[in-house]
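Number of protein chains: 2
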Amino acid sequence: MRTPALMTDLYQLTMAAGYFRHGLQDKRVSFELFVRRLPEHRRYLVMAGLETVLGYLRELRFTEGQIAYLREVPALRGAFSYEFVEYLRDFRFQGDVWAMPEGTVCFAREPLLRITGTLLETQLVETFLLSAINTETGVASKAARIMQAAGDRQVLEFGSRRTSPEEAVLSARAAYVAGFAATSNVEAGYRFDVPVAGTAAHSWTMSHASEEEAFTHYADAFPKHTYLLVDTYDTVEGTRRAIAAAGSRLRGVRLDSGDLLTLSREVRRLLDEAGLTETEIIASGDLEEHRITELRRQGAPINGYGVGTELVRPSDSPTIGGVYKLVYDHSADRPVAKLSEGKETLPGLHQVYRIKRHGKSERDVVGTLAEFHVDAEPLLVEWLQKGKLVRPLPTLAQVRATARKELAALPDRLHRLDPARPEEAYEVSISDGLSNLIGEVRRQQH
Amino acid sequence: MRTPALMTDLYQLTMAAGYFRHGLQDKRVSFELFVRRLPEHRRYLVMAGLETVLGYLRELRFTEGQIAYLREVPALRGAFSYEFVEYLRDFRFQGDVWAMPEGTVCFAREPLLRITGTLLETQLVETFLLSAINTETGVASKAARIMQAAGDRQVLEFGSRRTSPEEAVLSARAAYVAGFAATSNVEAGYRFDVPVAGTAAHSWTMSHASEEEAFTHYADAFPKHTYLLVDTYDTVEGTRRAIAAAGSRLRGVRLDSGDLLTLSREVRRLLDEAGLTETEIIASGDLEEHRITELRRQGAPINGYGVGTELVRPSDSPTIGGVYKLVYDHSADRPVAKLSEGKETLPGLHQVYRIKRHGKSERDVVGTLAEFHVDAEPLLVEWLQKGKLVRPLPTLAQVRATARKELAALPDRLHRLDPARPEEAYEVSISDGLSNLIGEVRRQQH
Numbered sequence: 001m002r003t004p005a006l007m008t009d010l011y012q013l014t015m016a017a018g019y020f021r022h023g024l025q026d027k028r029v030s031f032e033l034f035v036r037r038l039p040e041h042r043r044y045l046v047m048a049g050l051e052t053v054l055g056y057l058r059e060l061r062f063t064e065g066q067i068a069y070l071r072e073v074p075a076l077r078g079a080f081s082y083e084f085v086e087y088l089r090d091f092r093f094q095g096d097v098w099a100m101p102e103g104t105v106c107f108a109r110e111p112l113l114r115i116t117g118t119l120l121e122t123q124l125v126e127t128f129l130l131s132a133i134n135t136e137t138g139v140a141s142k143a144a145r146i147m148q149a150a151g152d153r154q155v156l157e158f159g160s161r162r163t164s165p166e167e168a169v170l171s172a173r174a175a176y177v178a179g180f181a182a183t184s185n186v187e188a189g190y191r192f193d194v195p196v197a198g199t200a201a202h203s204w205t206m207s208h209a210s211e212e213e214a215f216t217h218y219a220d221a222f223p224k225h226t227y228l229l230v231d232t233y234d235t236v237e238g239t240r241r242a243i244a245a246a247g248s249r250l251r252g253v254r255l256d257s258g259d260l261l262t263l264s265r266e267v268r269r270l271l272d273e274a275g276l277t278e279t280e281i282i283a284s285g286d287l288e289e290h291r292i293t294e295l296r297r298q299g300a301p302i303n304g305y306g307v308g309t310e311l312v313r314p315s316d317s318p319t320i321g322g323v324y325k326l327v328y329d330h331s332a333d334r335p336v337a338k339l340s341e342g343k344e345t346l347p348g349l350h351q352v353y354r355i356k357r358h359g360k361s362e363r364d365v366v367g368t369l370a371e372f373h374v375d376a377e378p379l380l381v382e383w384l385q386k387g388k389l390v391r392p393l394p395t396l397a398q399v400r401a402t403a404r405k406e407l408a409a410l411p412d413r414l415h416r417l418d419p420a421r422p423e424e425a426y427e428v429s430i431s432d433g434l435s436n437l438i439g440e441v442r443r444q445q446h
Numbered sequence: 447m448r449t450p451a452l453m454t455d456l457y458q459l460t461m462a463a464g465y466f467r468h469g470l471q472d473k474r475v476s477f478e479l480f481v482r483r484l485p486e487h488r489r490y491l492v493m494a495g496l497e498t499v500l501g502y503l504r505e506l507r508f509t510e511g512q513i514a515y516l517r518e519v520p521a522l523r524g525a526f527s528y529e530f531v532e533y534l535r536d537f538r539f540q541g542d543v544w545a546m547p548e549g550t551v552c553f554a555r556e557p558l559l560r561i562t563g564t565l566l567e568t569q570l571v572e573t574f575l576l577s578a579i580n581t582e583t584g585v586a587s588k589a590a591r592i593m594q595a596a597g598d599r600q601v602l603e604f605g606s607r608r609t610s611p612e613e614a615v616l617s618a619r620a621a622y623v624a625g626f627a628a629t630s631n632v633e634a635g636y637r638f639d640v641p642v643a644g645t646a647a648h649s650w651t652m653s654h655a656s657e658e659e660a661f662t663h664y665a666d667a668f669p670k671h672t673y674l675l676v677d678t679y680d681t682v683e684g685t686r687r688a689i690a691a692a693g694s695r696l697r698g699v700r701l702d703s704g705d706l707l708t709l710s711r712e713v714r715r716l717l718d719e720a721g722l723t724e725t726e727i728i729a730s731g732d733l734e735e736h737r738i739t740e741l742r743r744q745g746a747p748i749n750g751y752g753v754g755t756e757l758v759r760p761s762d763s764p765t766i767g768g769v770y771k772l773v774y775d776h777s778a779d780r781p782v783a784k785l786s787e788g789k790e791t792l793p794g795l796h797q798v799y800r801i802k803r804h805g806k807s808e809r810d811v812v813g814t815l816a817e818f819h820v821d822a823e824p825l826l827v828e829w830l831q832k833g834k835l836v837r838p839l840p841t842l843a844q845v846r847a848t849a850r851k852e853l854a855a856l857p858d859r860l861h862r863l864d865p866a867r868p869e870e871a872y873e874v875s876i877s878d879g880l881s882n883l884i885g886e887v888r889r890q891q892h
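Chains A and B, in that order, give the protein sequences.
Residues 1 to 446 (my numbering) are what the first sequence spells out, left to right.
Residues 447 to 892 (my numbering) are what the second sequence spells out, left to right.
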């Protein structure tokens with residue numbers, strides 16, 4: 001049996017063993033997960049990955065095989081005591097988790113998630129939490145930009161072959177959260193109910209004796225779903241053949257190479273001349289938000305876009321760089337912060353208050369838990385209490401609706417796709433209460 | 447039960463259903479997987495991902511739940527016939543696979559893998575094969591560059607938090623294949639026997655009342671493995687405290703922020719003054735091959751490097767862009783090629799012949815299977831025959847040895863880290879036999 005219990009950095013286990021040896025394993029602490037700075041090409045992020053995280057925390061346990069391995073980790077032979085490894089055998093996560101719901105738009109310095117529990121359990125799970133939230137939030141955030149470019153045109157997620165098999169499934173879900181219409185990844189449909197969609201591949205055409213035969217066979221097999229890829233040999237000629245083979249059954253054609261503006265106009269003309277005015281043109285091939293913006297600006301008659309590589313492996317901002325930092329030592333009732341230059345953290349437990357005006361998000365305040373801001377919406381809500389779910393997990397449709405509402409509430413300038421000038425950034429301020437606390441912690445540490 | 451059977455693009459299943467409907471599902475074909483062009487910042491690739499692929503092909507089957515889902519895929523309701531879905535219920539991969547062993551250095555246009563089987567099975571597996579090989583080969587190829595920069599210094603893989611949980615495990619393995627000394631990812635140690643290593647985190651220090659106490663506790667818990675992270679508050683002061691707390695037990699210190707050149711010199715001086723001349727300095731924090739090269743050129747006294755983000759999410763070349771193309775229709779005894787501009791493929795079945803001189807790789811020739819090149823080493827070997835393993839899987843140590851030998855045999859110019867000028871590229875030519883075949887196919891298609 002595979003469990004994710006060992007999907008962690010060795011030092012999490014080393015530190016856990018160290019805490020255990022000194023009787024500190026049950027000391028109660030809080031960690032918060034946040035992004036220090038937005039990547040250059042992101043004006044906001046879209047929270048995703050929480051469902052993965054909550055599933056992991058609720059299922060977390062060590063198998064006999066893993067326990068046996070820990071007794072023998074070559075790098076640390078003998079460093080893990082018998083008692084510590086026995087402790088792990090019965091380990092279950094029993095902490096509390098507060099987090100922004102998936103689909104929430106968020107910004108730098110804002111805690112996306114807070115976890116409170118024993119030093120041992122909160123430390124052990126750091127790697128997985130960062131891994132899931134960095135990845136899925138990264139994809140959802142890029143997907144939101146692509147949707148901004150696409151406007152009312154549908155975008156299909158085609159990235160599976162450009163990322164690892166399991167990440168492909170999570171990425172398909174994250175893209176759907178942020179507004180993509182569907183994915184080609186069938187497992188994402190099976191596991192998460194993401195709508196699946198697709199056309200055909202070049203190999204369909206190439207495995208038939210001729211393009212005509214390939215198209216005729218496809219239309220016969222899928223009379224209600226005839227989407228044909230027409231660029232295997234020559235896009236214009238391929239379109240003529242598609243029209244001849246499928247006639248009124250031709251629901252759509254896909255273009256995957258060449259000059260998409262010129263070709264889409266030519267293909268549209270051919271389709272219209274054949275009376276196929278409802279037949280859609282889908283474009284794919286190294287597309288991202290800037291290329292889609294340009295095609296739309298030029299009036300390319302494209303009904304939908306397929307996006308893959310640049311969604312799952314964005315070249316503009318490959319990572320969002322979330323971090324997970326100790327903020328509170330409950331045993332000592334002491335807020336904690338790290339002061340190394342450029343890597344500062346906010347001490348204490350935080351809530352993010354979003355202040356809206358006329359339905360638009362105006363600014364956020366990061367404050368302490370005790371604060372109250374008139375007309376402000378607190379973004380962090382409780383999910384786990386002593387390891388148990390205390391709130392129903394939103395359905396994927398609800399998460400998607402949250403993202404839609406949140407993105408619509410953003411000030412228009414945040415939807416621009418170029419890097420933000422400092423004065424264009426969304427305002428995230430520190431409350432007076434939190435400012436005072438930072439000052440206190442600073443004085444104590446100096 | 448989870449199986450990877452649905453980790454595929456919908457169109458693979460759609461096309462499979464289409465082939466099935468027309469009785470073409472058993473038609474015998476070959477596909478080859480290759481990279482069209484090397485990414486700008488790669489002078490070569492290091493093959494990885496084959497073990498993942500072979501495991502997938504050997505285990506591939508559909509569960510009852512997946513079968514039930516396929517009967518109801520909303521996008522295609524009714525498009526998959528009862529008989530087709532029943533066929534999938536008993537489906538097993540029974541094709542043949544030839545591929546370069548993991549650790550092989552490879553180049554653009556060279557098939558890394560060839561699969562021969564029924565149209566249905568070879569098409570169904572495309573997505574997973576690309577996914578695994580693109581990801582793992584991408585990481586191994588970046589890792590080889592980082593090792594080139596690090597020379598005889600050890601490099602530790604610290605990327606788990608910057609990629610998704612399962613990809614982190616595969617990435618740790620791929621980095622080890624290409625020469626990394628160890629990983630922090632414990633699951634990679636458990637599953638693949640990759641050596642694991644680690645130090646401590648800032649939270650260890652922050653969860654104690656003082657840095658002194660934190661360091662003393664760590665040295666007491668791990669007297670033989672005392673690696674301390676010294677930059678939580680002030681690196682120089684932290685080093686003094688580490689020396690005071692651990693004394694001769696101090697195996698190493700890690701610097702994770704600030705000016706690594708200046709700090710490493712200062713830290714080295716303090717360690718040497720305390721007689722700790724064997725104590726190592728490990729540096730981490732957004733490192734990659736260029737930064738490591740610079741630190742070494744400047745003589746930074748750093749004994750080992752930790753690399754994470756830039757390994758698993760390289761900003762220079764985020765993807766390698768492998769593709770999978772139909773090359774042969776065995777039923778019609780017909781080589782197949784795609785001719786769309788910029789997306790051409792090589793028709794027919796290929797072998798890659800590597801010509802060495804004085805132990806150095808001089809050039810490669812992509813030829814047909816029937817060819818024989820004196821003193822040339824054929825790189826593709828058979829792994830699966832009718833779905834069964836016909837050659838023992840190399841151990842991870844063997845794969846790593848292959849990579850070491852292959853990298854050492856590369857001409858020196860290929861180890862440079864800047865983008866290659868055209869005249870610096872490794873020579874990959876097309877054999878006369880293959881040139882003739884390309885000409886024939888071109889004439890037939892035009």
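Treat each hint with caution, since some may be false.
[Unchecked claim] Derived Cβ-Cβ restraints for the label pairs, each shown as a range:
1. A/A209 <-> B/R809: 33 to 43 Å
2. A/A370 <-> B/A655: 34 to 44 Å
3. A/G78 <-> B/R517: 50 to 60 Å
4. A/D220 <-> B/N882: 47 to 57 Å
5. A/R2 <-> B/G721: 39 to 49 Å
6. B/S881 <-> A/E212: 22 to 32 Å
7. A/Q298 <-> B/H804: 51 to 61 Å
8. B/G511 <-> A/H358: 22 to 32 Å
9. A/L389 <-> B/G721: 49 to 59 Å
10. A/E424 <-> B/S881: 52 to 62 Å
11. A/R2 <-> B/P641: 17 to 27 Å
12. B/E712 <-> A/L389: 45 to 55 Å
13. A/A209 <-> B/A514: 47 to 57 Å
These aren't lab readings, by the way, just hints derived from the structure by calculation.
Glycine included, C-beta positions come from ideal geometry on N, C-alpha and C.
Tested hints:
1. A/A209 <-> B/R809: 33 to 43 Å: Distance hint for A/A209, B/R809 holds at roughly 37 Å.
2. A/A370 <-> B/A655: 34 to 44 Å: Since A/A370 and B/A655 have Cβ atoms about 25 Å apart, the given range 34 to 44 Å is violated.
3. A/G78 <-> B/R517: 50 to 60 Å: At roughly 55 Å between Cβ atoms, B/R517 and A/G78 fall inside 50 to 60 Å, so the hint holds.
4. A/D220 <-> B/N882: 47 to 57 Å: This hint is violated: roughly 37 Å between Cβ atoms.
5. A/R2 <-> B/G721: 39 to 49 Å: 47 Å, holds
6. B/S881 <-> A/E212: 22 to 32 Å: 29 Å, holds
7. A/Q298 <-> B/H804: 51 to 61 Å: 56 Å, holds
8. B/G511 <-> A/H358: 22 to 32 Å: Hint violated: Cβ distance 48 Å, outside 22 to 32 Å.
9. A/L389 <-> B/G721: 49 to 59 Å: Holds, at about 55 Å.
10. A/E424 <-> B/S881: 52 to 62 Å: 56 Å, holds
11. A/R2 <-> B/P641: 17 to 27 Å: 21 Å, holds
12. B/E712 <-> A/L389: 45 to 55 Å: 50 Å, holds
13. A/A209 <-> B/A514: 47 to 57 Å: With a Cβ separation near 36 Å, A/A209 and B/A514 fall outside 47 to 57 Å, so the hint is violated.
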